[in-house]
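The listed protein sequences correspond, in order, to chains A and B.
So that you can map any letter, position 53 of the first sequence is 53 in the working numbering, and since no number is skipped, the others follow by simple counting.
All you need for the working numbering is the position in the second sequence, starting with 1, plus 505.
I should point out that these hints are in silico values taken from the structure, not numbers from a laboratory.
Keep in mind that this is a model prediction, so the values were computed, not measured.
Take the hints with a grain of salt, since some may be wrong.
[As the list claims (entries may be wrong)] Covered stretches of chain B (chain A as the covering partner; in silico rule of three or more C-beta atoms under 8 Å from a C-beta of chain A):
| hint | segment |
| --- | --- |
| 1 | 543 to 552 |
| 2 | 662 to 674 |
[Stated by the list, open to error] Straight line, CA to CA, 20 Å or less: simulated EDC-like cross-link-like pairs of lysine to aspartate or glutamate:
| hint | chain 1 | residue 1 | chain 2 | residue 2 |
| --- | --- | --- | --- | --- |
| 3 | A | K259 | A | D332 |
| 4 | A | K137 | B | E665 |
| 5 | A | K360 | A | D332 |
| 6 | A | K344 | B | E804 |
| 7 | A | K108 | B | E804 |
| 8 | A | K108 | A | D77 |
| 9 | A | K128 | A | D209 |
| 10 | A | K230 | A | D434 |
| 11 | A | K360 | A | E374 |
| 12 | A | K200 | A | E33 |
| 13 | A | K178 | A | D209 |
| 14 | A | K275 | A | D77 |
| 15 | A | K138 | B | D635 |
| 16 | A | K420 | A | E479 |
| 17 | A | K115 | B | E665 |
[Stated by the list, open to error] Here's a subset of chain A near chain B, in silico, CB distances under 7 Å, partners left out:
| hint | residue |
| --- | --- |
| 18 | G82 |
| 19 | H89 |
| 20 | I93 |
| 21 | L104 |
| 22 | G105 |
| 23 | F112 |
| 24 | P114 |
| 25 | I116 |
Glycine included, each C-beta is placed from N, C-alpha and C at the ideal position.
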Amino acid sequence: MRKIETLEMVNISKSFQGKFANQGINLKINSGEILGLLGENGAGKTTLMNILYGLYQPDSGEIKINGKNVRITSPIDSIQQGIGMVHQHFMLIQNHSVIENIALGYYKTPFFFPKIRIHEKVVEFSRKFSFAIEPYKKVWQLSAGEQQRVEIIKALLNGADLLILDEPTSVLTPQEIKELFRILNDMKNEGHMIILISHKLDEIMDICDRVTVLQKGKIAGHADTAGMDKKSLARMMIGRDVLFNVNREPLPKGEQVLKVSNLHVLGDKGISAVKDVSFDVFANEIFGIAGVAGNGQKELAEAITGIRPVRSGTVFAGLKNITNMSPRKIYDHGVSHVPEERIKFGIAPGLFLYDNAILKQHHLKKFSRKMFLEYGRIKNHTRDLVDSYNVAAHSIEVQIRNLSGGNIQKLILGREISEKPSLLVASHPTYGLDVGATEYLREQLLKRRREGGAVLLFSEDLDEIFELCDRIAVMFQGEFTGILDSSDSEKLSDIGLMMAGSVRY
Amino acid sequence: MEDVVISVLHRTMVAGTPLLLGTVGEVICERSGILNLGVEGVMSVGAVVAFIVTYITGSPWLGLLAAISAGMILSVLHAFASVTLQANQVVSGLALTMIGLGLSGMLGKPYVGKPLAVKMNDVAIPWLSDIPFIGPLFFKQSPFFYMAIILALAAWFFLERTLPGIKVRSAGENPRATETQGVNVTLLRYACVITGGAFSAMAGAHLSTSYSKSWIEGMTAGRGWIVIALTIFSLWNPGKAIMGAFLFGGVFVLQYLLQPIGISPNFLAMLPYLATLLILLAMSLRDRRRLNAPAQLGEPYKRGER
Numbered sequence: 001m002r003k004i005e006t007l008e009m010v011n012i013s014k015s016f017q018g019k020f021a022n023q024g025i026n027l028k029i030n031s032g033e034i035l036g037l038l039g040e041n042g043a044g045k046t047t048l049m050n051i052l053y054g055l056y057q058p059d060s061g062e063i064k065i066n067g068k069n070v071r072i073t074s075p076i077d078s079i080q081q082g083i084g085m086v087h088q089h090f091m092l093i094q095n096h097s098v099i100e101n102i103a104l105g106y107y108k109t110p111f112f113f114p115k116i117r118i119h120e121k122v123v124e125f126s127r128k129f130s131f132a133i134e135p136y137k138k139v140w141q142l143s144a145g146e147q148q149r150v151e152i153i154k155a156l157l158n159g160a161d162l163l164i165l166d167e168p169t170s171v172l173t174p175q176e177i178k179e180l181f182r183i184l185n186d187m188k189n190e191g192h193m194i195i196l197i198s199h200k201l202d203e204i205m206d207i208c209d210r211v212t213v214l215q216k217g218k219i220a221g222h223a224d225t226a227g228m229d230k231k232s233l234a235r236m237m238i239g240r241d242v243l244f245n246v247n248r249e250p251l252p253k254g255e256q257v258l259k260v261s262n263l264h265v266l267g268d269k270g271i272s273a274v275k276d277v278s279f280d281v282f283a284n285e286i287f288g289i290a291g292v293a294g295n296g297q298k299e300l301a302e303a304i305t306g307i308r309p310v311r312s313g314t315v316f317a318g319l320k321n322i323t324n325m326s327p328r329k330i331y332d333h334g335v336s337h338v339p340e341e342r343i344k345f346g347i348a349p350g351l352f353l354y355d356n357a358i359l360k361q362h363h364l365k366k367f368s369r370k371m372f373l374e375y376g377r378i379k380n381h382t383r384d385l386v387d388s389y390n391v392a393a394h395s396i397e398v399q400i401r402n403l404s405g406g407n408i409q410k411l412i413l414g415r416e417i418s419e420k421p422s423l424l425v426a427s428h429p430t431y432g433l434d435v436g437a438t439e440y441l442r443e444q445l446l447k448r449r450r451e452g453g454a455v456l457l458f459s460e461d462l463d464e465i466f467e468l469c470d471r472i473a474v475m476f477q478g479e480f481t482g483i484l485d486s487s488d489s490e491k492l493s494d495i496g497l498m499m500a501g502s503v504r505y
Numbered sequence: 506m507e508d509v510v511i512s513v514l515h516r517t518m519v520a521g522t523p524l525l526l527g528t529v530g531e532v533i534c535e536r537s538g539i540l541n542l543g544v545e546g547v548m549s550v551g552a553v554v555a556f557i558v559t560y561i562t563g564s565p566w567l568g569l570l571a572a573i574s575a576g577m578i579l580s581v582l583h584a585f586a587s588v589t590l591q592a593n594q595v596v597s598g599l600a601l602t603m604i605g606l607g608l609s610g611m612l613g614k615p616y617v618g619k620p621l622a623v624k625m626n627d628v629a630i631p632w633l634s635d636i637p638f639i640g641p642l643f644f645k646q647s648p649f650f651y652m653a654i655i656l657a658l659a660a661w662f663f664l665e666r667t668l669p670g671i672k673v674r675s676a677g678e679n680p681r682a683t684e685t686q687g688v689n690v691t692l693l694r695y696a697c698v699i700t701g702g703a704f705s706a707m708a709g710a711h712l713s714t715s716y717s718k719s720w721i722e723g724m725t726a727g728r729g730w731i732v733i734a735l736t737i738f739s740l741w742n743p744g745k746a747i748m749g750a751f752l753f754g755g756v757f758v759l760q761y762l763l764q765p766i767g768i769s770p771n772f773l774a775m776l777p778y779l780a781t782l783l784i785l786l787a788m789s790l791r792d793r794r795r796l797n798a799p800a801q802l803g804e805p806y807k808r809g810e811r
C-alpha cells in the first residue's frame, strides 16, 4: 500500500533574514518517477527539500499529498507521511555501527535488544537490492558509497515512498555512482518516487524523467529530460550560456618552480601513503594529479605545503629546499595552498570576512606593525579581494560561515593568489560548487598560468583535469602510474585503467 | 590478618560507593553530550538535604528521596543553561558547583555537629552474607552499595542494549543527525542532565546518612571532582566505572592506612587524578577512537542553524 501517489508543493516561500531562499515554488511528482531538482549553489534546492522534510517551516504555501493538505512541522511528521531524505552531508553517527545508526531512526525498533532485530532487517534489505553491507562495522570504516546505502536503508525502512537525495553523487566514485543509479532505478520500478537534487547536468539527463530548475530561489522552468539537451538545461539553470570548453592557449614552458624527488609520506594510520613520487612543475603550467580519492593525493598535497611531515625525499621550491619547513615558511617561499574541505581547513568560519582574507598573511609588513594588526589596511585589502574576485557578500564585517560555498572558495582563492605565488597547490578547488562558480575558478587558474604562475591541481573530476592541465599525473596507491602530456590523446584514453593501476606509462 | 584484609576491603567498598553513584550519573549525562562539572555542588546539596530530612523525619529513606529531588531540581539549572541557552558548559558547571557548595553550607549551618539518631543501616543478604570472605565484603553492605552496583549495571544495559540508550549516545555523538531521525535532542539532554543530578545527590546522601552520620561543610571533599576524572578513566562505560570506582575508593582508604608509615596523604589524594591522566595518555597514544569520548561532548548544539 503506497502512502503517496502524488505530492505537490504549492506556492512555497521561505526567507532567511529578509532574503528569499524560496519564492512561490510549485512542484509536483507522481509515483514511479524520478524528478531532478537542478540549480546552482544557493538557488534554494536544499532549502526547498528541507521544508518538505520538515526541518524548516515555510513562510507561506502548502504541501499536498494525494491532493490533501498536510502539515509537516518536523522530520517525524514527514517520516510518517512516507518521506525520506538522504542529506548531502550524511546524517550518520560516525562512531556507531551500521545497526545502531539504523535503529536510531526506525519507528519499529524494539525497546530491548534493538540490535538483533535490526540485523535481520539489514540482511533482508541488502538481499532485496543486492548490495553488500556489513552491519556491525562502524560507519567511519565504511566508504562513502556504503554510508549512502545505510542512509537509503534508513529511509526505506521507515516506509519512505518518496526519497529525497541531496547531491548524492558528490562523494562517490564512478563505479559507486553506477551502483547508486541501479538501486534508484530498481526503486523507481517498484513504484517509489525520487527527488534528486543536483547541479550536475549529466546526472540529471542520465537518470531523471523530469527536471525542475531553480534559479535564485524561483522556478526557472520544468521540462521532460527526454526532450532536452545539456546546453539548454544549463542556460535555464544559470540564465546564460556556459563555457563548456575553456580555451587554454599554448605557452612556452617557464622555469622550474617545484621539484619533488623520491618523496615518501605516511598517512593518518601510519601506513605509507605516498611512495617514491618524483615530478617537477614549471612556470606557465598547470600540472594535474588525477586519481580516485584516497590514493595518496591528500597526503602529497599536505607534504608539499608543510602540513604533513615528509618521511624521506626532498621538495624544492625553485632553488630553495622547503622539505619539512613550517607551512608559514613554505608560504613565504612562494607556495600557496587552496586546501580541500574549505570550511575545515581554508577558513575560520566564525571570524569575519576580513580576518579570513589575511590568514597566513597577517605577519606581512603591509598588514601588521610589530604586534598590532593594521585593520584599516586589512579591510581595504579585503574590499579589493571581494571586488576583484566577485565574492557576493553584502558586507565584509560578517562571519564568513554565512557565505555560500562558492563565495567562500572565491575568497580563499583570491587570498592565495593575490600575492602572486610562484606555485599554487589547489586541492579539489571546484568540488561541490555550481557551474557558475566552477567556471569562474577555472578561469582564474588559467589566468594564473598566463601570468607566469604555476598550478599544481589535485582533482577527481577528469573533465576539469582535461580542460585545465598541461601535464597530468595519475596517482594509484601512493605511486604515479604515469605522467602524461595533455596532447597525448592516445595514452590519455587509458587514464581510467591507469587510475585503477592496471596500466603504467 | 584476614580480618584486617576484610576490613580494609570493606572500607574500600564503602568509600567507592558514592564515587560509583556519581560516575554512573555523569556517564549518562556526558554520553548525551553535556559536560556537567557541577557534580561536587550537587553532591553537597544532596548530602545536606538528606541529612536535614533524615534528622527531622527520622527516616533515611525519606532523606534519600528528598536529596534526589533536590539534586534533580538543581540540575535543571545546568540543563537550562547548557541545552536551552547553549551557554558554555564548563562555566555553567563550575557555577553549579559554587552554588551547590554555598547553598549546602547555608542550609546546613544549624545542623553542623549534630549527630543523626538513625542512619541508613547495613543490610545483610541472607545466605549470601554467610559465604566466607566474599559474604562480609559484598553482601553485608549499606543499601547504597547495592543500589550503586545495580544502577551501574542497569545503566550499562540501558546505554548498550536498549533503543533509548542508542538515542542518548547518538545525541552525544551527533545531535543534528539524531534530530533528523525524529529524536527530541533537547528533551533527551534535559533528561540525562537531570538523571545525572539525581545520581550525584544519591552519592551525597550516602555520605551524610550512611558513610558518616553527621553534616559538616565541605564533607564531599573533592569527591565530585574525582567523579569527573573517573568518568574519563572508565572511558564513559558504566561497567568499567564499577572497577574504577572501587579502585579509587581503595586509594581513599590507603590515605589513612599509609599515613602512619610516612606516606603523605596528600600524595595519595593526588593518585586518582594522576591515574586518569596516565590512562588518557596511554589510550590516546594507542588509538584515539578507542577513547570513546562522545564526539560532541561539551559542544552547544544550536537547532536549525545552517
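Legend entry - Cut-off 7 Å, beta-carbon criterion: hint that H89 (chain A) touches chain B: With a closest approach of 9 Å, the H89 (chain A) hint is violated.
Legend entry - Satisfaction of hint between D209 (chain A) and K178 (chain A), Cα-Cα up to 20 Å: 17 Å, holds
Legend entry - 20 Å limit on alpha-carbon distance, applied to hinted pair K360 (chain A) and E374 (chain A): Holds. K360 (chain A) to E374 (chain A) sits at ~15 Å (cutoff 20 Å).
Inset, instruction - Would you mind confirming whether the straight-line C-alpha gap from K137 (chain A) to E665 (chain B) stays at or under 20 Å? - result: 16 Å, holds
Legend entry - Restraint check for K420 (chain A) with E479 (chain A), where alpha carbons must lie at most 20 Å apart: Violated, at about 30 Å.
Inset, instruction - Check, residue by residue, whether the segment 662 to 674 of chain B contains three or more positions whose beta-carbon lies closer than 8 Å to a beta-carbon of chain A, and give the verdict. - result: n = 7 at 8 Å, threshold three: holds.
Legend entry - Hint status (Cβ of I93 (chain A) to nearest Cβ of chain B, threshold 7 Å): 4 Å, holds
Legend entry - Satisfaction of the L104 (chain A) interface hint, Cβ to chain B closer than 7 Å: L104 (chain A) check passes; min Cβ-Cβ to chain B is 5 Å, inside 7 Å.
Legend entry - Hint consistency between K138 (chain A) and D635 (chain B) [alpha-carbon to alpha-carbon, up to 20 Å]: Given pair K138 (chain A), D635 (chain B) is violated - Cα atoms ~46 Å apart, limit 20 Å.
Legend entry - chain B contact restraint on P114 (chain A) - CB to CB distance below 7 Å: Holds: closest Cβ of chain B sits about 5 Å from P114 (chain A), inside 7 Å.
Inset, instruction - For the pair we were handed, K115 (chain A) and E665 (chain B), check the Cα-Cα distance against 20 Å. - result: 9 Å, holds
Legend entry - Supplied contact hint for G82 (chain A), tested at 7 Å Cβ to chain B: 14 Å, violated
Taken one by one, the earlier hints fail for this structure at numbers 1, 7, 9, 14, 15, 16, 18, 19, 25, listed in ascending order.
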